[in-house]
Amino acid sequence: MNVRKILASCVIALAAFAPQFARAVDVKVVPAAKGVEVWFVEDHTVPVVTMSASIPAGSVYDPRGKEGLAAMAAALMDEGAGKMNSDAYHTALGNKAIQLSASPSRDYTVVRVVTLAENAKEAFQLLGLAIARPRFDPDAIQRIRAQMIESIKQEEQDPPTVAGKAFSRLFFANHPYAHPVGGDIDTLSAITQNDLRQFAHAHWVRGGMKVAVSGDIDEATLKTLLGAAFDALPATRPAPPPNVARLGAPGVHVVPMPVPQPTIEFGLPGILRADKDFIPAYVANYILGGGGFSSQLMKEVREKRGLTYGIDTDLNTYSKAGVFVGQVATKKESVKQTIDVIRQVMSNFVDKGASTAELTDAKTYLTGSFPLAFDSNTGIAAQLNAFQRVGLAPDYIVKRNDMIEAVTHDDIKRVAKRLFNPAKMTIVVAGGITDAKAPAKSAP
Amino acid sequence: MRFAGAGRAALLAATMIFCGAATPPPPSPPKAFQFALQNGMQVLVVPDHRAPVVTQMLWFRVGGDDDPPGLSGLAHFFEHMMFRGTKQYPGGQFALIVARNGGETNAFTTHDYTAFYEQIAKDRLPLMMRLEADRMANLDLSDNNVRTERNVVMEERRMRVDNDPQSLMSEQLAAALYLSHPYGRPVIGWPDDIRRIGRVEARDFYLHHYAPNNATLVIVGDVTPDEVRPMAEAEFGKVPARELLPRAEYAQPARMGETRLNVSRPDVKVPVFIRMYRVPSYAEATAGEAESLDVFAQLLGGDATATLYRELVVKKKLAIDAGASYDGYTRDDSSFSVYAVPRPGVSLEALEHAVDGVIAGLFSREAAPADLERAKTQLIASATYRRDNQYSLASVYGQAISIGLTVNDVEQWPDRIRAVTAESVRKAAIKDLNKIEAVSGNLRPGK
Numbered sequence: 007m008n009v010r011k012i013l014a015s016c017v018i019a020l021a022a023f024a025p026q027f028a029r030a031v032d033v034k035v036v037p038a039a040k041g042v043e044v045w046f047v048e049d050h051t052v053p054v055v056t057m058s059a060s061i062p063a064g065s066v067y068d069p070r071g072k073e074g075l076a077a078m079a080a081a082l083m084d085e086g087a088g089k090m091n092s093d094a095y096h097t098a099l100g101n102k103a104i105q106l107s108a109s110p111s112r113d114y115t116v117v118r119v120v121t122l123a124e125n126a127k128e129a130f131q132l133l134g135l136a137i138a139r140p141r142f143d144p145d146a147i148q149r150i151r152a153q154m155i156e157s158i159k160q161e162e163q164d165p166p167t168v169a170g171k172a173f174s175r176l177f178f179a180n181h182p183y184a185h186p187v188g189g190d191i192d193t194l195s196a197i198t199q200n201d202l203r204q205f206a207h208a209h210w211v212r213g214g215m216k217v218a219v220s221g222d223i224d225e226a227t228l229k230t231l232l233g234a235a236f237d238a239l240p241a242t243r244p245a246p247p248p249n250v251a252r253l254g255a256p257g258v259h260v261v262p263m264p265v266p267q268p269t270i271e272f273g274l275p276g277i278l279r280a281d282k283d284f285i286p287a288y289v290a291n292y293i294l295g296g297g298g299f300s301s302q303l304m305k306e307v308r309e310k311r312g313l314t315y316g317i318d319t320d321l322n323t324y325s326k327a328g329v330f331v332g333q334v335a336t337k338k339e340s341v342k343q344t345i346d347v348i349r350q351v352m353s354n355f356v357d358k359g360a361s362t363a364e365l366t367d368a369k370t371y372l373t374g375s376f377p378l379a380f381d382s383n384t385g386i387a388a389q390l391n392a393f394q395r396v397g398l399a400p401d402y403i404v405k406r407n408d409m410i411e412a413v414t415h416d417d418i419k420r421v422a423k424r425l426f427n428p429a430k431m432t433i434v435v436a437g438g439i440t441d442a443k444a445p446a447k448s449a450p
Numbered sequence: 253m254r255f256a257g258a259g260r261a262a263l264l265a266a267t268m269i270f271c272g273a274a275t276p277p278p279p280s281p282p283k284a285f286q287f288a289l290q291n292g293m294q295v296l297v298v299p300d301h302r303a304p305v306v307t308q309m310l311w312f313r314v315g316g317d318d319d320p321p322g323l324s325g326l327a328h329f330f331e332h333m334m335f336r337g338t339k340q341y342p343g344g345q346f347a348l349i350v351a352r353n354g355g356e357t358n359a360f361t362t363h364d365y366t367a368f369y370e371q372i373a374k375d376r377l378p379l380m381m382r383l384e385a386d387r388m389a390n391l392d393l394s395d396n397n398v399r400t401e402r403n404v405v406m407e408e409r410r411m412r413v414d415n416d417p418q419s420l421m422s423e424q425l426a427a428a429l430y431l432s433h434p435y436g437r438p439v440i441g442w443p444d445d446i447r448r449i450g451r452v453e454a455r456d457f458y459l460h461h462y463a464p465n466n467a468t469l470v471i472v473g474d475v476t477p478d479e480v481r482p483m484a485e486a487e488f489g490k491v492p493a494r495e496l497l498p499r500a501e502y503a504q505p506a507r508m509g510e511t512r513l514n515v516s517r518p519d520v521k522v523p524v525f526i527r528m529y530r531v532p533s534y535a536e537a538t539a540g541e542a543e544s545l546d547v548f549a550q551l552l553g554g555d556a557t558a559t560l561y562r563e564l565v566v567k568k569k570l571a572i573d574a575g576a577s578y579d580g581y582t583r584d585d586s587s588f589s590v591y592a593v594p595r596p597g598v599s600l601e602a603l604e605h606a607v608d609g610v611i612a613g614l615f616s617r618e619a620a621p622a623d624l625e626r627a628k629t630q631l632i633a634s635a636t637y638r639r640d641n642q643y644s645l646a647s648v649y650g651q652a653i654s655i656g657l658t659v660n661d662v663e664q665w666p667d668r669i670r671a672v673t674a675e676s677v678r679k680a681a682i683k684d685l686n687k688i689e690a691v692s693g694n695l696r697p698g699k
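The listed protein sequences correspond, in order, to chains A and B.
Here the first sequence is numbered in this note's numbering, starting from 7 and rising by one per residue.
Here the second sequence is numbered in this note's numbering, starting from 253 and rising by one per residue.
If you're looking for bench data, these hints aren't it; they were derived computationally from the structure.
For every residue, glycine included, the Cβ atom is placed at its ideal position computed from N, Cα and C.
Just so you know, not all the hints are guaranteed correct.
[Stated by the list, open to error] Far from chain A by the CB rule (all over 10 Å, computed), these chain B residues:
#	residue
1	K283
2	P342
3	D416
4	M421
5	H433
6	R494
7	S599
8	L600
9	Q642
[To be verified] Covered stretches of chain B, as calculated for chain A (at least 3 residues, CB under 8 Å):
#	region
10	297 to 306
11	351 to 364
12	441 to 455
13	458 to 467
14	535 to 541
15	552 to 558
16	667 to 678
Using the sequences and the hints, build the whole thing.
So, in C-alpha cells, the structure goes:
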C-alpha cells in the first residue's frame, strides 16, 4: 500500500467507517432452547466460545427483609449442582479451564461462560446443571454468606462504594432499587436455604431469558448445546417489578468517613431506554460528563483545576427507572469547590447547549468507537446481551450510528433542559467536607 | 511474506518470526512479525482480522526504577505529562483527536516500563502513529502544565493508595521486601517526592528516556506487516535516536532474617494476612523455574480448587478467602504473594500458622497428578483466552519484550508450562519460597 494514500485517507475519512462495520458483525437469531432469545455471532479466529445470558433474577426481586437474596443465589450458582458438591463442581470447571460466573445487578443476573471451543459441550452441560439443578448445600451457603458479609464490611472503608450505596437509598427511597444489590449484613443473615431454592425456581427461568453467544462454534451444535442446557428450566416468567413513584432527594448528604479523599456521587432522574429522546440524551451526557477527556466536566474539574484524577457521568437505564449519575473523588479541602464547578458546568450546558465542535466530536467518537466493543468474543457476547436486556432488535447494530448522526443542537438543548437541572441534584459525599458551607444533612 | 519496504537501506535487516509450528494442539498461535527501524525502534505486528480495528501500544523501557533519588513517581508523572500537549497538538489535543476519531487511549507505568495505547478504526492508524511520534519528541513542558498535573497525580495517589489501608500496607511490604532496590519505592511515588517534581526534572527525564531507540511499538489488529512497515517508517522513522541515560543496575542483597509488619488502623474493617516472597522473575530464572512458580501459584492459591482455599476456607473454616499469585514479568526479582482473610473469631496468628502448614505440606509431597494437570490446563488456556482480546494480546508481547524476553518466549510459554513436572514445582517452591526472603504483614482494625 502506498504511504501517501494512507496518510491522505486518514485525514478526510472521518465517518466512512461505520457502514463497513455494520456488515462485519453478522448476528444470527437462533431459534434454540424453546422460547429463549438467542443472538449468535460465529467466528473461528480464536478457538474460544463465550456466552452471556441474562435471567430475570435481579435484586429488584429481593423480598423485604431478605435483601441480597438474588446476589447470594448468584454467588451460589457455581457452588454445587446435581450430584456434584461445591468442590466437585469447581474441579469439573477447572479440569477443562471453563470460566463460569454470575453477576447480579438490579434487574438481571448475568451468567457468563468462557470456554475453549474443544470443551464447549462440557461447558454448556455444567452451565445447565448449575442453573437448573443448583444444590444450595448448607455448607456452601454458610461459606458464601460469610464471604458476602466480610465484603460488605470491607466496602465500608471504600468511599466510592459507600457513596454509591447511600445515593441509591436516598434516590430510590422505598422502591426495591434502593437497597444494595449485595444486601446488608442483617438481611443476608436472614436468608435460608428455602429462600434460595424458591428464588432460583421463580427467577432462574427460561421466560425472559436472553442469551448472546460468540465464537468458534457452528449454529447446529450451539442449538443442541443450548437446548440441553436450558430446556429443563421452567418457562414461567416473574411478575414485573413495581413502578417507581418518585426519584431523587435533592440536596447535599454527607456520610462521614475518616478518609483523605471523599467521593462525591451526584445525580438526577434520567431517561428510560425506550424514551424517544434516549439517543439525544446519550449524546448530551457524552458532552457533559461521559466523554472522558473530551467532556466538559473533565476539562473543568481535572484539566484546568487539577481537582481530581477523574470525573465521569452515566445514564443508567433500569427497566423501571432512568438515572443520570456521576462520580468524582477529591481531597476533602476541595469538595465544596468541586461541587460548585459541577453545578456551574451543568447550568452552563443547560443555557448554551453544545458547541458545533462538541456535537461533531461527540458524534464522530460515538459512531467511530462503536466497533471497538466487538474486537473479541467476550466483547461481542457482552455487547449483544446488553442490547437484548434493554429490548433492542438485532438491526439496532446497523441503525445505531445513523440515529446518533441525526441528533441536532435543538435535540441537545431540549434534553439538557429536561435532564440536567443542578438545583434538583441529589449529592452524596462519602468522607467529609472541611470547607463546607453547604447545608449538610446526614444520610440514613 | 514480503514487506513493502523490504530491501531499503533505511531499514535494518528484519527479524521475522513465525512461531509455534509444531505444538500439539490444533489451534494455530498468532503470528507475530518483528522488525526494527533504523533509529533503533523495535516494531511488532500481530494480525487479527476479526474487526476493522487496531490497537497500537508504544512501550518505553523506562519506569519507576529510573526515578532519580528523591523523585519517586517521576516516571509515572511523566506518563501523565505525555497527554499535556506539543507545539503542533497543544493542550489536551492528543486525547481529543483520538476521541474525535472514535478511538480510546490510555497509558500505564510500572517499575520496568511505561506504555501508551490507542484502540481505533484501522484506517486511523497512520494518524495515531503521527501523534505518538510527535509527543515522543516535541512535548510542551510548561510550568503551569506541570503544577496542575502534579495535583492530579496527588489525587490519583489518594484514590489508589491513601484511601485504602490494604494498598498502604502493600506499599510498605514492598518497601521492606526490596531493601534498597527501587522496586521498594511506589511507582506512583511517595507524597513528599511527588511534590518535588518540577519542570526541570520532567524535562531531564524526557530527554534521557523518551526516544525511538528506547521503545517497542506493538500493533495488533486488522493490519498486515506489509501495511504497518511503511507507516511506521514514515511516522516514527523520522524521530532521531537519542543518547539514553543507561538504566542503573541495583544490588539485590540477600536478606538476613524474616521481616514482619504489624499494622493497626481505625480505617481497617476486615483483618488480612499478606506475605510477599522475593523470588526470581522470568527474566532471571533458570530454565523452567519461573514456569514452575506459575504452576505452584495456581496449585497453592489460583482458584477454589487450590490447596489454600480447599484447606483453609472449605475444610478448616479458618478463612473467608485465601489465595496466592506470582507476578513473574519483571526485570529483577519479582514477588510471590500469599494472602488470607480470617473468619470472624480466628486470629491472624492462627491463620498464618495454618497457611504455613499448607505450604509445608506442598513442600513435603508432590502435587497429585490430577491437581497438577488441572493447574497446567488452566494456565495454558489462559494464553488462548488472552488472544481473544487485542489489548491483552498486545500487552503480553509488549511486556515480555520490555523486560528483555523475546517473541519466542511468549509463544513457547504454553509448551514450557506443559513441560512442568510435579518434581520441578516442588523443587522451585522449596528453593524460592524462603521465609528469610519474605515479609509478612498483619493488617487489623485498631487505633
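Status of each hint after checking the structure:
no.: 1; hint: K283; verdict: holds, 13 Å
no.: 2; hint: P342; verdict: holds, 12 Å
no.: 3; hint: D416; verdict: violated, 7 Å
no.: 4; hint: M421; verdict: holds, 13 Å
no.: 5; hint: H433; verdict: holds, 28 Å
no.: 6; hint: R494; verdict: holds, 25 Å
no.: 7; hint: S599; verdict: holds, 16 Å
no.: 8; hint: L600; verdict: holds, 14 Å
no.: 9; hint: Q642; verdict: violated, 5 Å
no.: 10; hint: 297 to 306; verdict: holds (count 6)
no.: 11; hint: 351 to 364; verdict: holds (count 6)
no.: 12; hint: 441 to 455; verdict: violated (count 0)
no.: 13; hint: 458 to 467; verdict: violated (count 0)
no.: 14; hint: 535 to 541; verdict: violated (count 0)
no.: 15; hint: 552 to 558; verdict: holds (count 3)
no.: 16; hint: 667 to 678; verdict: violated (count 0)
Checked against the numbered hints given earlier, the structure breaks hints 3, 9, 12, 13, 14, 16 and satisfies all the rest.
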